[in-house]
Amino acid sequence: MTLMMTPMQLDLDIRATLRSGKRRFDMHVQCTSTSQRIAVYGPSGAGKSMTLKAIAGLFTPDAGHIRLNGRTLFDSAAGINLPPQQRNVAYLFQDYALFPHLTVRQNVGFGLRRGWFNPRAREKLQKVEHWLAAFHLQELAHQFPDELSGGQRQRVALARALVAEPNALLLDEPFAALDPALRVKMRLELSQWQQRLDVPMILITHDPEDARILGEHVLYLRDGQIDSMEEHKALGERIG
Amino acid sequence: MDIAWTALALSLKVAAWATALNLLLGIGTGYLLARTRFPGRELLDALLTLPMVMPPTVLGYYLLVLLGRRGTLGIWLQDNFGINLIFTWQGAVIASTVVAFPLVFKPARAAFEAVDGQLEQAARVLGISEMAIFFRVTLPLAWRGILAGVLLGFVRALGEFGATLMVAGSIPGKTQTLSVAVYEAVQAGQDDVANTLVLITSAVCIVVLLSAGRLAPGRIAHK
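Chains as they are written, first to last, in the working numbering: chain A, 1 to 240; chain B, 241 to 463.
To be clear, the hints were calculated from the coordinates, so they are not data collected in a lab.
None of these values were measured; they are calculated from a predicted model.
Hints are not guaranteed to be accurate.
[Said to hold, decoys possible] SDA-like cross-link-like pairs, simulated, lysine to any residue; straight-line CA separation at most 25 angstroms:
hint, chain 1, residue 1, chain 2, residue 2
1, A, K53, B, R275
2, A, K22, A, T72
3, A, K53, B, A372
4, A, K53, B, T276
5, A, K22, B, A372
[Claimed, not checked] If the Cβ cut is set under 8 angstroms, some of the chain B residues that face chain A in the computed set are:
hint, residue
6, R364
7, L366
8, S369
9, V377
10, R384
11, L387
Ideal placement from N, C-alpha and C gives every residue a C-beta, glycine not left out.
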């Protein structure tokens with residue numbers, strides 16, 4: 001199954017001032033890109049997370065605009081600020097944020113159920129079963145997140161994110177919680193999935209390997225500003 | 241011995257109503273204090289905790305002043321609805337609710353604060369409305385801690401004496417709860433009645449405390 005996507009267009013210009021006690025952090029991130037694979041790379045505390053959260057609607061910048069695929073998600077001048085529920089992006093949290101009280105199957109189907117109740121443990125939705133199979137999770141479908149390994153949790157989080165056919169996949173340090181050997185494996189797996197599904201991806205990382213292998217358009221973020229950009233097509237293997 | 245069972249039935253009724261009220265009020269207040277920021281938040285928390293540290297008779301006096309025939313709320317209730325709470329079992333419910341409230345909202349607040357906010361954010365990005373997130377993520381994860389507090393509140397309401405006596409008095413079969421009946425029996429020198437009442441009360445309290453102990457620690461309930 002391929003998600004139908006037009007090439008991603010990201011138009012980002014956000015300003016924010018964050019205060020924590022006496023410290024003050026000013027960020028101004030501005031970029032446009034038509035790349036399907038954007039990597040925001042930089043040291044911790046550079047404002048990467050805030051940038052990604054702003055795109056998802058989990059953090060509201062002081063001023064600026066965010067446009068994704070021609071749709072305005074945020075525009076302070078026009079008074080537009082879509083809630084995260086309406087942005088139709090998928091967000092992969094660093095420690096996956098799987099719901100600990102729900103099984104793998106319920107976690108994957110979570111976003112498909114809109115009402116006040118969670119999907120039932122035995123309920124088999126076709127889309128959910130499809131993604132469970134795609135990520136080799138059928139055997140684990142009835143297990144709870146705390147019974148899974150790091151790599152398995154990441155697959156569940158990816159399946160949960162992709163099941164709603166998002167416009168973009170936002171990844172927050174996706175491999176930081178994995179050991180080095182697994183990190184190499186999951187990086188390759190993610191790269192292949194991105195190409196197979198043709199889903200636009202924005203990744204933030206402090207690991208240069210992530211940026212090198214997964215980034216087509218790499219933004220280097222430092223002290224809340226974009227320090228440099230580079231575009232390199234065809235890094236990493238192209239798969240059908 | 242009839243008096244013992246009548247008193248037990250009344251105590252259970254009053255405690256059940258007080259617990260039901262505290263379940264709603266405690267979850268609401270606990271969630272508000274855990275998830276919103278407003279000036280005076282900690283002051284409000286302290287004020288709401290007062291019933292836990294104040295003598296129940298003092299609380300009872302406050303309630304009398306407020307709900308009595310010359311109390312602001314009492315006059316208003318009497319004039320608009322013809323309701324009089326003093327010396328009624330409903331008055332005992334109010335007294336028990338107020339006294340047990342801190343035992344319910346404090347653990348509820350702690351339980352809500354222990355829920356990882358990132359899980360709620362994940363649900364938001366997945367398109368789930370705020371109300372649905374509360375029922376599908378926050379409440380199920382906080383539920384055990386809330387329930388432990390609710391059970392403690394139930395036992396506290398069951399054993400309520402001071403405030404209840406002040407507000408509802410001790411009318412046998414009408415407002416005389418177990419703990420009040422024990423006091424009356426001892427005063428009247430009816431040791432056999434007192435013994436029965438004391439044993440019943442102790443048994444009920446032990447059962448509830450054991451259930452609360454099973455709920456409080458341990459891993460998150462699946463389902």
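Results for each hint:
1. A/K53 - B/R275: holds (19 angstroms)
2. A/K22 - A/T72: violated (34 angstroms)
3. A/K53 - B/A372: holds (21 angstroms)
4. A/K53 - B/T276: Cα-Cα ~20 angstroms, so holds.
5. A/K22 - B/A372: violated (37 angstroms)
6. R364: holds (4 angstroms)
7. L366: Interface hint status for B/L366: holds (3 angstroms vs cutoff 8 angstroms).
8. S369: holds (7 angstroms)
9. V377: holds (6 angstroms)
10. R384: violated (10 angstroms)
11. L387: violated (14 angstroms)
In this structure, the hints that do not hold are numbers 2, 5, 10, 11, in rising order.
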